[in-house]
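J.: Below, each chain spelled out in residue letters.
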Amino acid sequence: MQFFKVIGRSLRSIGIVFSHEFNLFFTSPIVYLIGSVWLFLAGGFFALSLSAINTGQYEPDMLGMFSPMVFLMIFMAPALTMRLVAEEYRNGTNELLYTAPVRDWEVIFAKWLAVWAVFSVFMLISFVYPLILFSRGNPDPGLIITGYLGLWLMAGATLALGVFASSLTQYQLVAFFVTMGTLLVLWLAQQLTYIITSPKITPVLAEISLVSHYQNLVSRAIIDPIDVGYFVGIITVFLFLATQMLSTRRWSS
Amino acid sequence: MIQVEGLTKYYGNFKAIDSLSFYIDAGEVVGFLGPNGAGKTTTMRILTGFMPPNEGTATIAGYDVLDQPLEARQRVGYLPESVPLYKEMTVWQYVDYVAKLYNMRNPIRANRVDEVLDQVGMIDRADSLISSLSKGMRQRVGLAQALVHEPDVLVLDEPTIGLDPGQVREFRELIQQVGKEHTVLLSTHILSEVEQVCDRVLIIHNGQIVAEDRPDALSARLQGSHRFKVKVGNAKPEAIAEVIGGLPGVINVTSTDDGVEVLSEEEQDTRPAVAAAIVGKKWDLLELRPLDMSLEEIFLELTTNDRQTYEEEG
Ligand SMILES: Nc1ncnc2c1ncn2[C@@H]1O[C@H](COP(=O)(O)OP(=O)(O)OP(=O)(O)O)[C@@H](O)[C@H]1O
Ligand SMILES: [Mg+2]
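As you go down the protein sequences, you meet chains A and B in turn.
Each step along the first sequence adds one to the number in the working numbering, with nothing skipped, and position 82 is 82.
Each step along the second sequence adds one to the number in the working numbering, with nothing skipped, and position 263 is 1263.
The set of hints was computed from the structure by calculation and includes no laboratory data.
Hints may be right or wrong, so weigh each one.
Some but not every residue of chain A turned toward chain B, in silico, with C-beta under 8 Å [unchecked claim]: (1) T93; (2) E95; (3) L96; (4) T248; (5) R250.
Glycine included, every Cβ here is placed at the ideal spot set by N, Cα and C.
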């Protein structure tokens, strides 16, 4: 009974902070800009898949759209998340939020959920692309479903990293570059697997790389628990670290 | 209602507050008076659960701020030094959000938001964006936010700073009104503010409480009769000092450019005797004015006085 009360209370707190954060996104024109650019680029990549259908060379699929998404996320994740925690410190609203009867992890989780939901809105709009594909040809629905699942999880993981970076500083720009830099390194690690062919290092690089787990989901039409677990693990670790950061910063604020 | 024992807080190696202890009863309005850097904000941040102390305990309505943080925070309304506002929200949305964070539910919540905005005089600006408000209005919204969940304890960190004199007066009246129903701890470095709104004053200096008193007793002790300036038309300061210096209750007379400054014993108002002595000499008494002390002087005075009594007792 007590257990359900505690869970219920946490869910309520998360819901309150979540809807506040989610609404706050749409008070700024930046989110519309990011969304439009992303949808425009996704559409551009998708158009390439369409031209492949027209030439009749391939089975229609959306790999052309999914594959570059991980690269786009290097810039999109920091842009969406940089504000989330840093600005509370900048505006002094952290003093309101962290003296309210909500837990640090609830705040962090709700903030991450809000930015993930914003991304999900973009993703929902992009569903028109597969609809077009189905109206024109006969694509493999499994590949599209795992592709979107991969995209969704990969976004969740990169956004969790962004939330963590935003909890390190009061400067949005610092948060932006920390997230972007880290993602760039992770992305480059994947590129290295094409260059380094050592039987020892290459599998390790592939295993830690965001890109290879993403590619596994996107290109194989198989939902491998290892790939899903990898992203869920990344999300958990960074949200945990962000929560720890809040607690640490309470000591010295 | 608020119980603080042995509270100590370090920033790195710097000790910002030093084994602070005090107690505040339900319904009291207590002023936290101290100069810049005394440790007022630090203490309040510990009480509100914003930061943990290194040593000591603080309880709010029986809940320890460290062990039962959510219960303790639920019972505190806090207006920080810089008002924490989301400028993209309207006044109503903002106060409603804070009410939600403090576990208020509709339909009570919506009514309460209206009520508290009415109380602070912001109800007609309820739908304005916070970014469009003046400093004084923002301070009111900050107070509304602290009050909305009807907390047992209200913690206000320098609530009148940065307001114009008219707004300061209005805001103090507001606090007085609020103080009738709540336990209030407010910090300030303005002595007259404490006199106006507080039942009791805690004086904090270098992270320690150096005095605790009723504000009227304190101000009598500190300004009023016990230190004043005398200006005389037709006599040399040395001559005046000679005449006044011998009067009972006068401790010290110092000459200044245009008169003398008299220091007398705390309990004794020597002003009538001084006036009579001067008039008796047929000098022209131009001015006899109590000297206000600056906060720094007050602390100097209090700390040295305490040392004296301590030495006498010891
Ligand atoms: N985050 C911090 N890091 C390091 N030192 C700090 C920090 N915050 C406060 N201090 C120091 O602790 C001491 C007490 O600061 P505090 O803000 O509590 O004073 P205050 O009484 O509120 O002063 P004011 O009247 O200026 O608001 C000061 O010497 C200050 O420099
Ligand atoms: Mg302060």
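J.: Each hint needs a verdict: does it hold in this structure or not?
T.: Hints, verified against the model:
no.	hint	verdict
1	T93	4 Å, holds
2	E95	4 Å, holds
3	L96	4 Å, holds
4	T248	11 Å, violated
5	R250	5 Å, holds
Violated hint: 4 only; the structure is consistent with all others.
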